[in-house]
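These protein sequences, in sequence, are chains Z and E. For the first sequence, the residue numbers in my numbering are 261 to 597. For the second sequence, the residue numbers in my numbering are 261 to 597.
Copies of one chain are not kept apart here, so a pair can be met inside one copy or by any two copies together.
Simulated pairs of lysine to any residue, SDA-like, Cα-Cα distance not exceeding 20 Å:
(1) Lys310 - Ser583
(2) Lys288 - Gly415
(3) Lys310 - Gln579
(4) Lys310 - Val578
(5) Lys457 - Arg358
(6) Lys310 - Gly581
(7) Lys310 - Lys457
(8) Lys457 - Glu359
(9) Lys310 - Pro575
(10) Lys310 - Gln580
(11) Lys287 - Asp303
(12) Lys310 - Gly455
(13) Lys531 - Gln498
(14) Lys457 - Thr311
(15) Lys310 - Leu576
(16) Lys517 - Arg529
(17) Lys531 - Arg418
Hint data in this document are derived by calculation from the structure and do not stem from the laboratory. Treat the numbers as computed from the prediction; the structure is a model and nothing was measured.
2 protein chains.
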Amino acid sequence: MAQRVGRYTIRLDNPPAVKGYASIVGKKEGDGPLARYFDKINDDTTFGEKTWEKAESRMQKDTLNLALRKAAITPETVDVIFAGDLLNQCISSSFGLREFDIPFAGLFGACSTMAESLIMASVFVEGGFANVAAAVTSSHFCSAERQYRLPLEYGGQRPQSSQWTVTGAGAVILSHDGEGPFMRELTVGKIVDLGIKDSNNMGAAMAPAAADTLQSYFSDTGSRPEDFDLILTGDLGQVGSDLLHTLLQKEGISLGKKQNDCGLLIYDREKQDVHSGASGCGCSASVLCSKIFGDMRAGRLQNILFMATGALLSPLSVQQGESIPSVAHLLHITARL
Amino acid sequence: MAQRVGRYTIRLDNPPAVKGYASIVGKKEGDGPLARYFDKINDDTTFGEKTWEKAESRMQKDTLNLALRKAAITPETVDVIFAGDLLNQCISSSFGLREFDIPFAGLFGACSTMAESLIMASVFVEGGFANVAAAVTSSHFCSAERQYRLPLEYGGQRPQSSQWTVTGAGAVILSHDGEGPFMRELTVGKIVDLGIKDSNNMGAAMAPAAADTLQSYFSDTGSRPEDFDLILTGDLGQVGSDLLHTLLQKEGISLGKKQNDCGLLIYDREKQDVHSGASGCGCSASVLCSKIFGDMRAGRLQNILFMATGALLSPLSVQQGESIPSVAHLLHITARL
Chain Z
261 MAQRVGRYTI
271 RLDNPPAVKG
281 YASIVGKKEG
291 DGPLARYFDK
301 INDDTTFGEK
311 TWEKAESRMQ
321 KDTLNLALRK
331 AAITPETVDV
341 IFAGDLLNQC
351 ISSSFGLREF
361 DIPFAGLFGA
371 CSTMAESLIM
381 ASVFVEGGFA
391 NVAAAVTSSH
401 FCSAERQYRL
411 PLEYGGQRPQ
421 SSQWTVTGAG
431 AVILSHDGEG
441 PFMRELTVGK
451 IVDLGIKDSN
461 NMGAAMAPAA
471 ADTLQSYFSD
481 TGSRPEDFDL
491 ILTGDLGQVG
501 SDLLHTLLQK
511 EGISLGKKQN
521 DCGLLIYDRE
531 KQDVHSGASG
541 CGCSASVLCS
551 KIFGDMRAGR
561 LQNILFMATG
571 ALLSPLSVQQ
581 GESIPSVAHL
591 LHITARL
Chain E
261 MAQRVGRYTI
271 RLDNPPAVKG
281 YASIVGKKEG
291 DGPLARYFDK
301 INDDTTFGEK
311 TWEKAESRMQ
321 KDTLNLALRK
331 AAITPETVDV
341 IFAGDLLNQC
351 ISSSFGLREF
361 DIPFAGLFGA
371 CSTMAESLIM
381 ASVFVEGGFA
391 NVAAAVTSSH
401 FCSAERQYRL
411 PLEYGGQRPQ
421 SSQWTVTGAG
431 AVILSHDGEG
441 PFMRELTVGK
451 IVDLGIKDSN
461 NMGAAMAPAA
471 ADTLQSYFSD
481 TGSRPEDFDL
491 ILTGDLGQVG
501 SDLLHTLLQK
511 EGISLGKKQN
521 DCGLLIYDRE
531 KQDVHSGASG
541 CGCSASVLCS
551 KIFGDMRAGR
561 LQNILFMATG
571 ALLSPLSVQQ
581 GESIPSVAHL
591 LHITARL
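Given only the sequences and the hints, what does the whole structure look like? Please build it.
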């Protein structure tokens, strides 16, 4: 049974396990420091498709197929997929996953989607609502740029606070009979909006949501940053990570060297010119579903917090002068039961 | 505990109850046959805001506040909100609900959102993941038209198969201590895409998904249309409803007079010039959260299936020549335990 702990946290008495996971990324991600951890690096960022949006759908489809294969199960055994992405009406997910014939629950959490989908999949498996559940998400630099910012052909300049949208996808299969890691505790985040309006500074917009969710979790569970091997945020980048430390310091919480950010891990910021780091649903998804789960299975990491952050803006909300509401969802994940 | 029944259906042994619900609609909906059932009809479709998008957010916020008041609870007692809408990046929900300080899980299910959010809220409450959960959605004719079709100022003609997007919102509060109705069984739908490409004929695109989910439910549970007082679809309109009957007839299932559609109930099609009927997340939401729950509480309806359908297209997917994937999620709801 599940148990509510404090105001915001859910503890799973029978933690769902990762049965399979996969990540597929593009060329730039394959040139970065995590290259050897990804299942597949595609040098052709069109993934053989005619548009960037179809490319992203294709990547999501291939990633789920690969995760199923690694879990050694067929689509028919999956009871529900939770998926979403950054594109208008989440078309990467609905078009990418339409052929699987698996019940589909669409999510929108922007770059928090990997955490949100894992929370939903965990709840369904823990509560017996599903025997096997999948969590899938993706982003693609080229589809995101032309939707959120400018057509690539325009060659716009990017301010130093901006982040580079990852071309990548991650998929996780959860069930009770997987080898792990295990989903132990969940905190669904609140929307936090401190009035940041600069859509080229998502890190600053999302840091308050990240701080809020982490504080809720620590307060609910009585735990501290020192209790974990890693507090993995995604995707605050450098600007947002620095702000997260500052915000929590004011509340008497020191993250010290425990925190790292998916947006700082996936590229080599010295060589790859990504300014404040990486972002996109596919960033935390592909980092979690490669190095992180790999390190946990290999025993190099035992006990982590994974917290993906999302900026819930749209180009239209920016045009209408709105600030950027953000959200951060958290999972406590352990390598062993 | 939850129990899986057949391949696709979840039976809730401890069915969550409706503790409160509310609907707010616009002027045109207030001119229709359900006028006396809505909690509030706003003659000013701007809802006092400067843009249509802000108006929709405002409507969603007001509707949740009203549902909380009717449930006689404060926002602090709600453990999680599930919400989504039709706008790019679901901004009606994230901007409308950002001030509540309640954990927020964003969904994207297009016009199926009322069913999807109710399924998620039911799962969280039944499994003890939440004591109180909210399900919220909305649509607005003016924000949807300019995003999906044409600016209103253009005065475009609408083909007879088109449906009119409802300006309306619905919110439901679920918990174990509500007076009802009660959520008994849930079927998360699969994405179905039979190749329909006409975005002015959503009914035809969505009918196959509706047929698929209904068939799954009947087959899983061994039930038949005659077992229910009402099979309420939303929003197939006339074209989609007729197709649903035809598709199921081929499988030996006769819906007879049991089926009705939220898109056919909310407007007077003789007088209100809406062609094939109504659509939009707010259509099934406002019909369910007015006449339907009202009739159930009053004992006029005992035992219904509520199945909201969503067309998972975007203007961009249409421009790229894609067909329209659709989904339908179903809940079996009873007035009494």
